[in-house]
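These are the residues of each chain, in order.
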Amino acid sequence: MSANTWIVVAGDPAIGALIETARALGGQVTAAVVGPRAVADTIAAGGVDKVVWFGDPDQAPVEAYASAVADAVGAAPGVVLAASRPGDRVLLGAVAARLQAAVLTEPSSVSADGDALVVTRTVFGGIAVETVSVTGPVALVLDGGPVPPASGEAPVEEVAATPLGMTVVETKDNSFELVDLGAADRVVSIGRGLKAQADLAMIEALAGACKAEVACSRPVAEGLGWLGKDRYIGVSGQKIAPDVYFAIGISGQLQHMVGVRGAKIIVAINSDANALVFKDADYCLVGDLYQLVPALTKALK
Amino acid sequence: MKIVVAYKWAPNPQDASVDDDGVVDWSRAKSGISEYDPVAVELARRLADATGGEVIGVTAGTKKVDVSMARKAALSRGLDRTVIVADDSLEGAGTTELAAALAAAIRHIGDVDLVVTGDSSVDVGAKMVPTVLAGQLGWPSVGEVTAVSGEAGALRVERDTAGGTQVLEISGPAVLAASTDAAVPRVPGMRDILAAGKKPVETLDVSALDLPAGGTTLTVTGTSRPDLKARKGQMIHATDPAAAAAELVAALRGAGVL
Chain A
1 MSANTWIVVA GDPAIGALIE TARALGGQVT AAVVGPRAVA DTIAAGGVDK
51 VVWFGDPDQA PVEAYASAVA DAVGAAPGVV LAASRPGDRV LLGAVAARLQ
101 AAVLTEPSSV SADGDALVVT RTVFGGIAVE TVSVTGPVAL VLDGGPVPPA
151 SGEAPVEEVA ATPLGMTVVE TKDNSFELVD LGAADRVVSI GRGLKAQADL
201 AMIEALAGAC KAEVACSRPV AEGLGWLGKD RYIGVSGQKI APDVYFAIGI
251 SGQLQHMVGV RGAKIIVAIN SDANALVFKD ADYCLVGDLY QLVPALTKAL
301 K
Chain B
1 MKIVVAYKWA PNPQDASVDD DGVVDWSRAK SGISEYDPVA VELARRLADA
51 TGGEVIGVTA GTKKVDVSMA RKAALSRGLD RTVIVADDSL EGAGTTELAA
101 ALAAAIRHIG DVDLVVTGDS SVDVGAKMVP TVLAGQLGWP SVGEVTAVSG
151 EAGALRVERD TAGGTQVLEI SGPAVLAAST DAAVPRVPGM RDILAAGKKP
201 VETLDVSALD LPAGGTTLTV TGTSRPDLKA RKGQMIHATD PAAAAAELVA
251 ALRGAGVL
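Residue numbers (this note's numbering), protein chains in the order written: chain A, 1 to 301; chain B, 1 to 258.
Hints listed in this document are in silico derivations from the structure and should not be mistaken for laboratory results. Where a beta carbon is used, it is the ideal one built from N, C-alpha and C, also for glycine. There could be a bad hint or two in this list.
[Stated by the list, open to error] Ranges of calculated distance between the beta carbons of each label pair, as one might list FRET restraints: (1) B:Pro226 <-> A:Asp113: 18 to 28 angstroms; (2) A:Val169 <-> B:Ala230: 50 to 60 angstroms; (3) A:Asp113 <-> B:Lys30: 35 to 45 angstroms; (4) A:Pro294 <-> B:Asp88: 54 to 64 angstroms; (5) A:Pro146 <-> B:Lys198: 54 to 64 angstroms; (6) A:Val169 <-> B:Thr239: 31 to 41 angstroms.
[Claimed, not checked] Cross-link-like lysine-lysine pairs, in silico, DSBU-like; alpha carbons within 35 angstroms at most: (7) B:Lys64 <-> A:Lys279; (8) B:Lys198 <-> B:Lys64; (9) B:Lys232 <-> A:Lys195; (10) B:Lys64 <-> A:Lys239; (11) A:Lys264 <-> B:Lys229; (12) B:Lys199 <-> B:Lys63; (13) A:Lys211 <-> B:Lys229.
In isolation and in its complexed conformation, chain B is listed as follows (with noise of 0.2 angstroms):
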């Protein structure tokens, strides 16, 4: 079974910074292996252990994401080898043509069986990758996955709903975007790091790809930072709790809140 594991190099906008126009600052912000992509990756290992699988890990991005940090943060996570598409010309490039680009990689691979994607990425959270890109290659897509087996072709897939979990069973290939409690991902150690110095990593340019035309002109035509409420910040000293309870209690019913 060929397992392709879509992850993301990205930062997390809690260490960015925003000026007082809203024009967001990275430079602060290290990137990593996206908050929730290591569950992807768990999930994908697994069922290719059991099936006697590869998992093969592809990612796009500009050439941020093929820095030897960014190969080994990823292969040290369980993947056997990874595609990169690297190209400054995806430079902020929005979920579309991302999404297109991952699938060019997918069909460049051939013949794979099953995608895996985290639940959403750290950056831009939008959960929409995945469905894009089941969209780009015609498969099925599902979310909130909680558990795959089964094999390439007939797969058994379980996932929550809003009431509670379903079992669905999927001919053909698929793409899965994993729960962020499907599995605990293994927390890479000094070994792993070493051979992932060692495994394959095939690099793409954009243009070598196949990729559809985007019909969309986007022009960002003002940014902001967003209108917060000013909190009053005040501190009540709750070394006697039974004092700080009631200091607490008459202030929100000062405020008529309670």
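Bound-form chain A, shown alone (with noise of 0.2 angstroms):
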């Protein structure tokens, strides 16, 4: 068989991996998308059948729009795919409510057998793998991947719709610069080893002489706030795949190595020797930090 599928999109259109997938199904792609009418068009324009759109939504964010896509989608239901992002959930969540779906997150294989649709994913953190066959409606959450490059033009329908009632009223940006960790062939990675802020210098010295990012374990970005929240790594943040990863100060706890578990070599540098890290990786240095890292800083030069 062949399933029509929805993708709902929260802003974004870094959606090109659920476009690929939907297609895969076989059956009609439509997107319902919130957001300016140029992410609708962008879209539009990577290789759905056709796009709903809900307007300009001004001062209203995309969370807004839950109850009015829900509808859209509830009227003619299908697979339903959405990112991996905070709005997106959101929107999704809304129309899983709806159709009373199973939700479903990180496949990394879904396809369609009969009427059943087979979807391999990893669970509880990454510690198994399951596969199911679910019969009836689905809500999938998945890695969006990049913008999808202009290959057609699918027909944009205007749908007026009522907003809930949130308004932003205040943006602020934050001082972090954005990083795309996943496209980084070198990853330095700092934990709560690191004693102060002002030592970041150091770790920053280091991925400077190894060309790498600057990465991080939760606590550094979220709680001490060191970092952007787009630099910790682990089953809620980035999952990486570089060539070399450094754990550096890492306990090495299962959410944060889920994330590095596709990293061809991990290099792991704690003072603890009995720390998690030095589990999963290729090479082990029980020390100081702060004595490891200039050394090795120095001997990259």
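Hints given; two lone chains; assemble the complex.
In structure tokens, the structure reads:
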């Protein structure tokens, strides 16, 4: 069989991977797009059959259109896909509630088999993999992938929508530079072993010496706030597969290490010889990062 | 102001074991209040204290979520009372079923002004229950929330975005998922734990709730262990940092990754 698919989009057109998944299911692909008209147009050119657009959001946040999106999808249900981003998850949640759809996350493969959708995915933070066969409504959360290249021109249908009662009254940019860790060949990552924010300079020097991006464990970005939240690695953060990953002062909890499973080589530096990180590393250095990091920077020059 | 905190009593997958066929054995993994839920309780408590409100816990799961330890663990963190949907028919319940049970409990409580949740659960970690719950209730939902103020029907919510922060005004009830660092949760002391034993607990059966029929049949057709790269685990002695660094750099150059 072929399954008709909806892709729900909350203002970010980086849904190339969703279009590919939807196309592989063989049916009609409709995108329900919340956000500026330009986003709807980018997606309409990106290989879908139709775009449903909910009008200019003005001061309403993307989440305000959750019910409107659920109404649109509910009128012609199918498999529903969304990217793993906060706003997109909110739209998908509203749709899943409307359809009483099963919600499945982190799929590694999605295919149609007769009336069923067969999904293989990691579960429980990555400790196991399961394959499920689902009949009935399904909502899937996937990595969005890149913005789709222009390849066609699908019609954009504007649907009048009343947003939920929420308004953006203030927007502030933070001082962190956005980064694409996924594109980095080398990543130097720091955890709570770093004692002070000023010591990040030492980590940046190492990153500079091996042309790496700087990343971190979750508490360094959230809680301490020393680095941007798009720099933390882990089950709910970035999942990357660089050639080499330096885990420095990182204890190596499962929730962190899941994010670097794809790394070719993992180097661990930790003062605690029993740290979990050494179980998942290729090269293990037990010692003081304040001595080893400068030594490593010097050796790389 | 009537504030509900939806929390989860769950084990940490790090303590579970997985056999060669990918079957997860949870028997050695102790359950606890899910990692980030105390942040949600703290955020709710502060808002309730500022506005003269009440904080009510809500959870759903099998009978295990209603054991005495689970009740006290939740109630000692700053809830005034809790409502528990404990029913073994929820064994293995997915996101949508759990969200439906939570929504039913919230409707049962009635006149709720705000629902706060943690960022994600320690076991499933999908960040989807709050969004589906909001969908069930027909309320707005926002994640990555770092601060909440205001009053019932006129909330002021600050949330993190990819490039900064936004302040939102929300009229009417809403479901907010707190960022992991929205508040530093209080650590319950002996007095809190003793007091928790005296706080009201209401338990609800699934049969007493008006739950929507699920439209989906889901069959697990296979499980496996994740296909992990074998790691070398090679020790590099680091008593002499310069020698260790040289050895590591040589190894990495040899592997062609520098």
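Hint check:
As the Cβ distance of Pro226 of chain B to Asp113 of chain A is approximately 23 angstroms, the hint placing it in 18 to 28 angstroms holds. The given range of 50 to 60 angstroms is respected by Val169 of chain A and Ala230 of chain B, whose C-beta atoms sit roughly 53 angstroms from each other. Distance hint check for Asp113 of chain A and Lys30 of chain B: the Cβ-Cβ separation is about 39 angstroms, which falls inside the suggested range of 35 to 45 angstroms. Taking 54 to 64 angstroms as the suggested C-beta distance range, the pair Pro294 of chain A and Asp88 of chain B conforms, at roughly 57 angstroms.
Checked against the hint of 54 to 64 angstroms, the C-beta distance between Pro146 of chain A and Lys198 of chain B comes to roughly 56 angstroms, which is consistent with it. For Val169 of chain A and Thr239 of chain B, the hinted distance range of 31 to 41 angstroms is not satisfied, since their beta carbons lie about 58 angstroms from each other. Taking the CA atoms of Lys64 of chain B and Lys279 of chain A, the gap is about 33 angstroms. The hint holds against a cut of 35 angstroms. The straight-line distance between the Cα atoms of Lys198 of chain B and Lys64 of chain B is roughly 20 angstroms, inside the 35 angstroms bound, and the hint therefore holds.
For the hint pairing Lys232 of chain B with Lys195 of chain A, the CA-to-CA distance comes to about 29 angstroms; that is within 35 angstroms, so the pair holds. Restraint check for Lys64 of chain B and Lys239 of chain A: the C-alpha separation of about 33 angstroms stays at or below 35 angstroms, so the hint holds. Between Lys264 of chain A and Lys229 of chain B the alpha-carbon distance is near 8 angstroms, which keeps this suggested pair within the 35 angstroms criterion. For the hint pairing Lys199 of chain B with Lys63 of chain B, the CA-to-CA distance comes to about 19 angstroms; that is within 35 angstroms, so the pair holds.
Among the hinted pairs, Lys211 of chain A with Lys229 of chain B is consistent with the structure: their alpha-carbon atoms are about 24 angstroms apart, no more than 35 angstroms.
When the structure is compared with the earlier hints, a violation turns up for hint 6 alone.
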